[in-house]
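Engineer: So the chains spell out like this:
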Amino acid sequence: MNKRTTPWLLLAPALLIAGLYVLFPVAQALSMSLHYVNLFHPRTRPFVGLTNYLNALSDPVFWRSLFNSFIWVFGSVSMQFLLGFGAALLLNRSFAWRGVARALVIVPWALPSVIIGLIWTWMLDFNLGIVNALGTRLGLISSPIAWLSRPDTAMVAVMLAVVWQGFPFFAVTLLAGLQGIPAELYEAASLDGASTAGKFWHVTLPGLASVIATALLLRMIWVANSLDLILVMTGGGPGTATLTLPLHAMLTAWSGGNYGKGSALAVILTLILLGGMIFSLLGKRKQ
Amino acid sequence: MKRRTLLKAAGAAAAIGLTQRLYAFPNKPATVRWWYHFDDPKASPDGLIAEFEKANPTIRIHAQSIPWGGGSDYDTRLYTALIANHGPDTAMVKLRNLPQLVEMEVLLPIDQYLDGWPGKSDISDAIWKLHVAADGKHYYLPLQYITTYLYLRQDWFQKEGLQTPKTLSDFLTAARALTGTDRWGFGLRGDSGGVDFWCTFVIGGGAEFLKGELSTPAALAANQWYIDLYRKNKVCPPSSPTDGFLQTINNMKAGRTAMTIHHIGSANQLTQELGDSITAVPVPCGPAGKAWSTYGDGSNAIFANCVNPEAAWRWISYLSSAPANVAFNKLAGQMTVTTSGAKDWNLHPKRFVDATTQSLASARTLPLVEQTADFVRTVWPQTNQEELLGQAAPDDAMRKFEQIFFP
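So the protein sequences, as listed, match chains A and B. So the first sequence is numbered by numbering that gives the first Met the number 0: it starts at 0 and just counts up by one. So the second sequence is numbered by numbering that gives the first Met the number 0: it starts at 0 and just counts up by one.
For reference, chain A alone in the conformation it holds in the complex (with noise of 0.2 Å):
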């Protein structure tokens, strides 16, 4: 063994199982979405060019998805961080019961999506869901709110659920983060006669950034990929209100058959959250 073949076949059965479960699926859902791969017709398969993309991009429902995606994304992941972050500056104070607050704070992260799309959708429930119930019972509204009925109110609906569900992620990422800032720092800005606003604008953030960045692409990527949540929530409606990019490819693909349209859906997501991501560690580079 050389020098040059021995880190490739170190790196070979890693490379093997990355190109199993990862490039293979990758290349299938390539091959298909140039296809037309319709379930309910196996023995044909032909080869239709770039139709199913130019069909997924002059169907209207695809704009409206690719909308609701980025109010999903957007909207839910920032609610996330800010509620994160605040509980991670609360976390990391001394009081009572510390560490009880420091378990249980993750308890929404640990649940299964479906799980939670079914708590929330029964809070939410016009008739028999506490919301309603509470809100009418304290005057807050005036009679009860169909949530998940009404195009105005569903999408906030389920980025309520999601927030609920994504904002344990950022409250112990960051509690990591603002752990591992030295105390010294702290001491130095207050022998400088710094503020507690200027302290946070000054040590903590700086310190956090790049757990931050990390943190914020990640969960955008999970929170752009998933569906499980809505699917259980609202389906994507009512109409195509909560419709995101990755339920309508999975919609097409799996309840229509139309897996051709449905690999070509989920590469343009694929493709957009590539972009995003080149773009994001493009600017912490220059960073």
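In case anyone wonders, no lab produced these hints; they're calculated from the structure. These numbers were taken from a predicted model, which means no experiment stands behind them. You may find that some hints are simply not true.
What the hints assert, rightly or not - Going by beta-carbon spacing under 10 Å, a handful of chain B positions derived as facing chain A:
no., residue
1, S71
2, V105
3, N249
4, E369
Idealized CB from N, CA, C, for every residue including glycine.
Since the structure of chain A is provided, determine the placement of chain B on it from the hints.
Structural biologist: Chain B in isolation, oriented as in the chain A frame:
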């Protein structure tokens, strides 16, 4: 040998081979892989399997419960397994699958078996008529059935002095009278399963699944009438556009709605909650005297890749014969397809059984064409919800449906 003679000989040999494959059941051990689904996950067909295997010692049944997922999960799992050549020998299927499975060329016709099967006459002609494929062949053996009917709170009807609605006009009068504070006359289902509701009012009201018949003035008026139940007359809960089975049934249980549409599968749970206050009647008729009750079947089909179709036939014909069919449907919570079994049916209160059998006269299925699956799962719910919310014009929606079925 002449070419024609050769072809004849080859054809005869193939026919003999097929016949032998169909009828010459070997006494050597055979395993039949069967996929099934019960609404109640605790229900198990083990008892039936044990009884069958005792009577047929050379056949082993390998039964696999497949998650339902609203129907689409089960269907897609079945399609993909069959395409990948890892499908079962036989499985529970629905009529709505028939066009897809025929198109996929994965079904084995069962006409040869049916001709000599003594249980055939115990299943009513009304059911057999619905089970013929577009090519005139039988691929499905009926196992269970439901027909949709109208649930109503008879105590509230009596209190308000209302008659059981026989026409859509009666229905609207009753729905209006029964709508009040925190109570609605009709629990409308806007999610994918709600297409049965839509058919009741729109196809029963004047439209038809024929070329040009989904956009006639009568069809458009029927659809507008249906949308107005929610938008103009406000006799349905505000959550209706996304309400599914659980919401519509729970609203009935909680006394939030006075009427809704479903089938005998939910009769026991509603009776448990509401006692004699709840009853069921056939759905009301439209202006032309036409009614639509959705026929929901559960059937068994044998697949073309089945290794031993004779053994599979023995199993599925056993399940469709009384009394095994009665026992099966007591597990499934649906109606037996056997006439003899229906006589002493005691799983559900009689009034729901009567409403089910009376509804057979108007029982129909959605068109058995390949567009139906996507229409039911995606196109109809999205468009219907947009109509109910005022985001799409009802007339445009009907023209869109026409275009889908008759491009």
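Engineer: Hint by hint, say whether it matches the structure.
Structural biologist: Tested hints:
With 10 Å as the threshold, the beta carbon of B:S71 comes within range of chain A, its nearest partner Cβ sitting at about 5 Å, so the hint holds. At its closest, the beta carbon of B:V105 sits 8 Å from a beta carbon of chain A; the interface hint therefore holds under the 10 Å criterion. Here the hint on B:N249 is kept, as its CB sits about 6 Å from the closest CB of chain A, short of 10 Å. Annotation: B:E369 was flagged as interfacial toward chain A, and the flag holds, the nearest CB pair being 5 Å apart, inside 10 Å.
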